[in-house]
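Student: Based on the provided sequences and hints, a complete structural model is requested.
Protein chains in written order, with the working numbering: chain Z, 22 to 717; chain P, 606 to 938.
By construction, these hints were calculated from the structure, which means they are not laboratory data.
Some hints could be false.
Keeping only pairs whose Cα atoms sit at most 25 Å apart, straight-line, the calculated DMTMM-like set for lysine to aspartate or glutamate is [to be verified]:
#	chain 1	residue 1	chain 2	residue 2
1	Z	Lys714	P	Asp747
2	Z	Lys274	Z	Glu329
3	Z	Lys714	P	Asp857
Ranges between beta-carbon positions, derived for each pair [stated by the list, open to error]:
#	chain 1	residue 1	chain 2	residue 2	range
4	Z	Arg286	P	Arg746	24 to 32 Å
5	Z	Arg165	P	Ser759	37 to 45 Å
6	Z	Ala54	P	Gly663	42 to 50 Å
7	Z	Arg286	P	Asp857	29 to 37 Å
8	P	Asp892	Z	Pro596	31 to 39 Å
9	Z	Asp667	P	Ile708	41 to 49 Å
10	Z	Glu72	P	Ala896	42 to 50 Å
11	P	Arg746	Z	Gly177	46 to 54 Å
12	P	Val730	Z	Ala54	49 to 57 Å
In silico contact screen, one side only, chain P against chain Z (beta carbon under 10 Å); selected entries [claimed, not checked]:
#	residue
13	Leu645
14	Gly646
15	Asp655
16	Arg658
17	Phe842
18	Pro916
In this text, a Cβ means the ideal position worked out from N, Cα and C, and glycines have one as well.
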Amino acid sequence: MTVTRPRHLGVPVERVDGLAKVTGEARYAYENAPASPVYAVPVQATVARGEVTRVDVDTVLTWPGVIAAMWYANAPRLATGEDSELAVLQSRRVAYRGQYVAAVIATTYEQAREAARTLHVEYNAEPHDVELRPGHPGLYRPGRVNPGLPSDTVAGDPEAALDSAPVVVDETYRTPAEHHNPMEPHASVALWDGDGLTVYDSTQGAGASRDRLASLFGIPPAQVRVVSPYVGGGFGSKLAPHPHVVLAVLAAKQVGRPVKVAVTRHEMFSVTGYRTPTIQRVRLGAEPDGRLIAITHDVIEQTSTLGEFAEQAAAATRVMYAAPHRSTSHRLVRLDVPTPTWMRAPGEAPGMFALESAMDELAIACGVDPVELRVRNEPAADPESGLPFSSRNLVACLREGARRFGWQGRDPRPGVRRSGRFLVGTGVASSTYPVIRRRSRATALAEPGGVYTVRVAAAEIGTGARTVLTQIAADTLGAPLEAVRVEVGDSALPLGAIAGGSMGTASWGTAVVRACEALNRELAARDGAVPPSGVEASADTADEVKAQEKYARHAFGAQFAEVAVDVDTGETRVPRMLGVFAAGRVLNPRTARSQFIGGMTMGLSMALLEESVLDTEFGDYLNNDLAQYHIAACADVRDIDAVWVDEEDPHLNPMGSKGIGEIGIVGAAAAIANAVHHATGVRVRDLPIRLDKLIR
Amino acid sequence: MRPFTYQRPATAGAAVAAVRERPGAVYLGGGTNLVDLMRLGVATPEALIDVSRLAGAGVQETPEGGLLIGGAVRNGDLAAHPLVRRRYPVLAEALLSGGSGQIRNMATVAGNLLQRTRCSYFQDVTKPCNKREPGTGCPARDGDHRNLAILGHSEECVATHPSDLAVALTALAAVVRVEGPGGPREVPMPGLHRLPGHDPSRDTRLEPGELITAVEVPALPFAARSVYRKVRDRASFSFAVVSAAVALDVADGTVRDCRVALGAVAHAPWRAWEAERVLRGAPATGDTFTAAALAELDQAVPLPRNAYKVPLARNLLVRVLTDLTDLAAPEAR
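Tutor: Written out as structure tokens, the structure reads:
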């Protein structure tokens, strides 16, 4: 076990890159300006299914500034024959409306955009099927669900148990498609140098992006470099490369010059991923006192004809509550839509809306307080695997939250509290997110004068990774923060895990600790003498991660919300929201708080506002800008607070931390939906809870 | 983006001449809608004639006790003007409910009145839209119309007008002053905006090349007690789902006079004549208010997915009328 002298961990250190960001010095992907770049602007399919029959390349080639126009017939071929979302311009087939079917490359962005806007494309359109619906004949059972979990689980005899349970809740909950909408739209700048490729990108995983590009273009990974030091938010939409990256690289190959591609906000509603809509049936069978006998959670979702993304919406249900009889299942249908992808807490966010709404309904059916109901169903070990939890403090979060929020003495009757023209209510829901750690590598370099450089291909997506890794390194080295520089966001650095699954700090941090420890040993062996060339040590956590003891590792939390619903207009506002989390050791209270309340805010947004509206006639999402796709504004977020309970867990990683990037969104929507029911007596089971569902 | 020229004439007359001389020329105010439409390819002007900095009327009191507002006055400035705040709270509230601080600082009064619908089909050039391309059809009728019209729409178009300001000005019976190729004229509100009928391509009754130079708001003493209430999904920075601009004159428990307009329910800001007829001279009670709201909404023809707007508009009207009556109560005593 590491003996560190903690001086910076646990302290609310300010962001080490804050000044660079607010002064504009931090350079984001599109701001990279290689010599004489040209600009590629894609043309998007205007049919949802069919074939491109003709593209009038010749006309736009006569336009000022236009260098090339690419489509299937003249684009460079990729090395892989795969038929995926990334096989850009490799086929005539159109698999979804908005898919890239051509692109124009010109000397200015404006020229390229105008030519792309007017480029004439002809299609053989075919009837499309874009609507997820229960009983769809194409529903199938996926082999696994994200991130490699079984699609179905069963224990005991849930059907028989439900038949004989004294109390049963059996309801269907729906969540709509949602788009991530990070502040920084996706962008890529691609340069070929012989067989070498450099891509400035906005990505949550430079290493993973590098490997994918290498395989698509048939070159060794060592010849590809992906640079992404700053990312203006990702939320999962930048975890894997999307078609624009491939387009930039293809175009650069075609014209032999550096190519810049900026994805517009509109395009982001079709080509950079989204959260699948879900239809979820939850059945709870219980004793009259609320003790669960059976839990079933059956989910249907969509994926595309190009790829399978199976969101694990029922996965959290496998670990939340004790019950002898239980089952979960996921079914997908392939529609003529873009492929869904990870979006902040994929699985847990929609799944816990359903489960935690159902728990509220069960609390009412049994006449048990909703906090107490959850406490009564606390399992002694992971209900699915039987493994002990490395730590589990859901009950502590519920109790602490109830105390802080003033839950005691809550009148459970729905629809009876008025404050002026508002109906007022409160709700609670649990949160959870798994603790994941993956292999990473890091190096630590000491230079004369007590200066250190730590390198790891982590991603700084606005979470504060660079800051926390600096704290981790400084404490391991026993150095002041100012003496440590951490380099991230470049595939040329020692490879790190992706910034996804709330695994970043645990994965990179372990590698940073081990590299710094190795450096400490090196320096000790030299009696601290540092030659001008410096002393470097490295670490690879492959073995450590593999040798991890068997535990069920999860973070937990409890969210409390107060809502006020206008009796005349049905407008729902959230005057108060509190999250209490048990997530191991909090390494930086400042950036952690930002992650928690950021997640909760996104959960509020999910509860009340966010919905990508499908147009069944055309097959696309209609509300494709920020004026139409509503994300919570400052005025929607009033008194919001996040706190945490102390959790000492020796089974996690050298820092003792659990991931905190996603748990804040989990349960937030259910807490608000439960509060809306408490306020109004109306149970909204399909998000978002907009006024049209409450107006009388 | 398509190349275009840009001019900033010194006078309104020069601006009118510039647009007349140049086919494809359009006036540019704050650009908060037009520039978006140009990016979308919905608007493809050859020339922009910038009228946002014309020395206009500013904001001045008229001899009759009303207000004359220059077409180029910024929304933010107008909302903050002491005379507007004191005499026409409905106007200040409508302005402040629109857009964001940044947008209000750019947007002009004339431009705000002439902004286009935010119907998503209108804004997407890859889809049919009778307003954008006459004769191509209206997919909103069978598609997404959750926030579209319940009143005065036609087979051809179910769009709504998005302006908040226009709703308040409609309630206040403002008069729009126009200069154009045919000389100056005045257009009353309501009357500036039109219902879609068989020609949804035209939002207003302005002739080609006409420029709004000013808006005159007549004196209306009882508008000192007036309200703009905007119902919306998001608490700020979003368009109305339904809005109401109401001024109420109550004395001795009776409605002496009133002005009522609804927003986000039709192709034009909707003066609620029927509601006003029921209200005038009637006791200022909840029953009257409900009867007034129902009389107005009796004309509503909701679409399958926006029927909620009818009870919403009803509740909103009753609520606003009740609130204004409660405000009046202390003085009545």
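Student: Now, for every hint given, state plainly whether the structure supports it.
Tutor: Structure-based check of all given hints:
For the proposed pair Lys714 (chain Z) and Asp747 (chain P), the alpha carbon gap of about 20 Å is at most 25 Å, so the pair holds. Proposed proximity of Lys274 (chain Z) and Glu329 (chain Z) is contradicted: the alpha carbons are some 29 Å apart, above 25 Å. Under the criterion of a C-alpha separation no larger than 25 Å, the hint pairing Lys714 (chain Z) with Asp857 (chain P) is inconsistent with the structure, at around 39 Å. At roughly 27 Å, the beta-carbon separation of Arg286 (chain Z) and Arg746 (chain P) lies within the given 24 to 32 Å, and the hint holds.
Taken as a hint, the range 37 to 45 Å is violated for the pair Arg165 (chain Z) and Ser759 (chain P), whose Cβ atoms sit roughly 53 Å apart. Distance hint for Ala54 (chain Z) and Gly663 (chain P): a CB-CB separation of about 44 Å, consistent with the stated range 42 to 50 Å. Arg286 (chain Z) and Asp857 (chain P) have their C-beta atoms about 56 Å apart, which leaves the hinted 29 to 37 Å range violated. At about 33 Å, the beta-carbon gap between Asp892 (chain P) and Pro596 (chain Z) stays in the expected band of 31 to 39 Å.
A C-beta distance of roughly 46 Å is found between Asp667 (chain Z) and Ile708 (chain P), which places it inside the suggested range of 41 to 49 Å. Range check, Glu72 (chain Z) to Ala896 (chain P): Cβ separation about 60 Å, and the 42 to 50 Å hint is violated. Roughly 51 Å separates the CB atoms of Arg746 (chain P) and Gly177 (chain Z), a value that falls within the hinted 46 to 54 Å. A hinted range of 49 to 57 Å is violated for the C-beta pair Val730 (chain P) and Ala54 (chain Z), which are about 31 Å apart.
Using the Cβ-Cβ criterion of 10 Å, the hint placing Leu645 (chain P) at the interface with chain Z is satisfied: the shortest such distance is roughly 8 Å. Hint status for Gly646 (chain P) relative to chain Z: holds, with the closest Cβ pair at about 5 Å, below 10 Å. With 10 Å as the threshold, the beta carbon of Asp655 (chain P) stays out of range of chain Z, its nearest partner Cβ sitting at about 20 Å, so the hint is violated. The restraint placing Arg658 (chain P) at the interface with chain Z is violated, with a minimum CB-CB distance near 25 Å, outside the 10 Å limit.
A hinted interface residue such as Phe842 (chain P) counts as satisfied when its beta carbon comes closer than 10 Å to some beta carbon of chain Z; here the least separation is about 5 Å, so the hint holds. With 10 Å as the threshold, the beta carbon of Pro916 (chain P) comes within range of chain Z, its nearest partner Cβ sitting at about 5 Å, so the hint holds.
The structure is inconsistent with the numbered hints 2, 3, 5, 7, 10, 12, 15 and 16, although it conforms to all the rest.
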